[in-house]
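Throughout, the working numbering is defined as the position within the sequence shown, counted from one, plus 95.
Hints are computed from structural coordinates only; laboratory data are not their basis.
Everything numeric in this text was worked out from a predicted model, so none of it was measured.
Beta carbons are placed, not taken as given, at the ideal position from N, Cα and C, and that holds for glycine.
Treat the hints with care, since some could be wrong.
Below, a list of computed lysine-lysine pairs in the DSBU-like style, where the Cα atoms sit at most 35 Å apart [stated by the list, open to error]: (1) K364 with K175; (2) K271 with K166; (3) K175 with K271; (4) K227 with K271; (5) K250 with K175; (6) K272 with K233; (7) K271 with K172; (8) K250 with K220; (9) K220 with K136; (10) K227 with K172.
Beta-carbon label-pair distances, calculated as ranges [unchecked claim]: (11) A122 with H275: 46 to 54 Å; (12) P264 with L448: 23 to 31 Å; (13) P375 with L269: 15 to 23 Å; (14) V374 with V447: 17 to 25 Å.
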Amino acid sequence: MMDHGDLDLSFPNRNSTLVPTERSLIADRKANMESLRVPPKTSAELGPGCQPTLHQFLPAYDVQAYVRFAKIPLHIKNAKYPSFEATGELPQLRDGHYLLAKDDIIMHLQTYHTDIDGHLSAVQKGESLAFKSMVQEKLQRVLHYCRWVDPITYKEVTRPAVQRVLPFPLNRVLPKKMHHAMTSELATAGYASQEQVYVAARDCYAALNARLGDGPFFYGAAPTSLDAIVFGHLVDALSDVQLRDVVHIHGPRLLSFAETVRSTYFGSKAMGSLWTENVPSPFLTLATAFMGDFATVPLAAYVQPYQSLSWSKREVAKEEVVHEVPHDDPAQHVVYDKSSRNVLFGGLLAIVLYGLSQLSFSIESFADAYDDDEYDEFEDGYDEDDA
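Working from the sequences, and respecting the hints, build out all of it.
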């Protein structure tokens, strides 16, 4: 039989206050005593040999910069997938009994390890929070647009890079899924055109450039969490063929800031002994992002055809090049673009296959092999069907 001596079986009074009574406090205290809970501990509290582990797909240089500023040991695990089925999207930080998502990692490190913002005043902390929100929201969406929505960058840079890392068949499905999801998400947030993205990037970089001033860091001679977050974004921005020009024009001081952080905290072998990784990242590295000269275009093999065209003038420049070809010259060499060549090759292939189908032999097995050009046609046709 259940003992109802400690239970209040009376009809609830809707006019009663929500303030805990003596009876409810005793009941809560008894329940807590019956179900003792072990409080979670960080890796530092668990003892020697334990350290935080950062799981990442794309490099999280904002987190790496913070742990270097605060001299917190860190082990990096470069994953082959952009998200985990059980815990969600990467990057994630596992610190003892804690598992943190991307937006909570730096706050956790400040709370349970080392807070490098301790010397800031209350006004400076409020200002820093506003700038960090601007970078993590507006500039992050700008970066996502350039990577996943812009058709040229997506097809020539982002998709090939992701396909090389993901295993088959995910490398044929997941990039397209991420492209559609990011396009829909950014359109809902108001980032549906290049003009809107450019204005947001221009205003944010101009504000950061003005706040940085002549100092090596945003708040004096010592780095803060704002410096870590801005540096993490700049590494990605300076490796993008579109955003790097916007940074050069509207945030020239940010270039010197990024170079200072790289050379001081990422170039020292003595400091590098505190941080390890399982395998090298197959994606962007600081060497390919802006090693030495900022004028060097990273990933040049992909962006070489477009580096002479400005962001907003790509379509116009392409039309001008087409009109430069004289139409009345009978001896001119006709240069077909990529899509026209694919149509011609496809027609020739259809004729050959039709001829083979008339012969009296069969092919027992064959291997499906899609090259990048055929995959482009498949995606374009898929987009038309969706529309």
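Cross-check of the supplied hints:
1. Taken as a hint, the K364 and K175 pair is honoured in the structure, with Cα atoms around 27 Å apart against an allowance of 35 Å.
2. The straight-line distance between the Cα atoms of K271 and K166 is roughly 39 Å, outside the 35 Å bound, and the hint therefore fails.
3. Distance restraint check for K175 and K271: the Cα-Cα separation of roughly 17 Å lies within the 35 Å cut-off, and the hinted pair is therefore satisfied.
4. At roughly 30 Å between alpha-carbon atoms, K227 and K271 fall within 35 Å of each other, so this suggested pair holds.
5. Between K250 and K175, the direct Cα distance comes to roughly 20 Å. Compliance with the 35 Å bound is thereby established for this hinted pair.
6. Annotation: proposed proximity of K272 to K233 holds, straight-line Cα distance about 22 Å (limit 35 Å).
7. Between K271 and K172 the alpha-carbon distance is near 25 Å, which keeps this suggested pair within the 35 Å criterion.
8. At roughly 41 Å between alpha-carbon atoms, K250 and K220 are farther apart than 35 Å, so this suggested pair is violated.
9. For the hint linking K220 to K136, the alpha-carbon distance of about 27 Å falls within 35 Å, and the restraint holds.
10. In summary, the hint linking K227 to K172 is supported, as the alpha carbons are separated by about 26 Å, within the 35 Å threshold.
11. At about 52 Å, the CB distance of A122 to H275 agrees with the hint of 46 to 54 Å.
12. Restraint check, P264 to L448: a C-beta distance of roughly 25 Å satisfies the suggested window 23 to 31 Å.
13. Between P375 and L269 the beta carbon distance is about 22 Å. The supplied range of 15 to 23 Å therefore holds.
14. Distance hint check for V374 and V447: the Cβ-Cβ separation is about 44 Å, which falls outside the suggested range of 17 to 25 Å.
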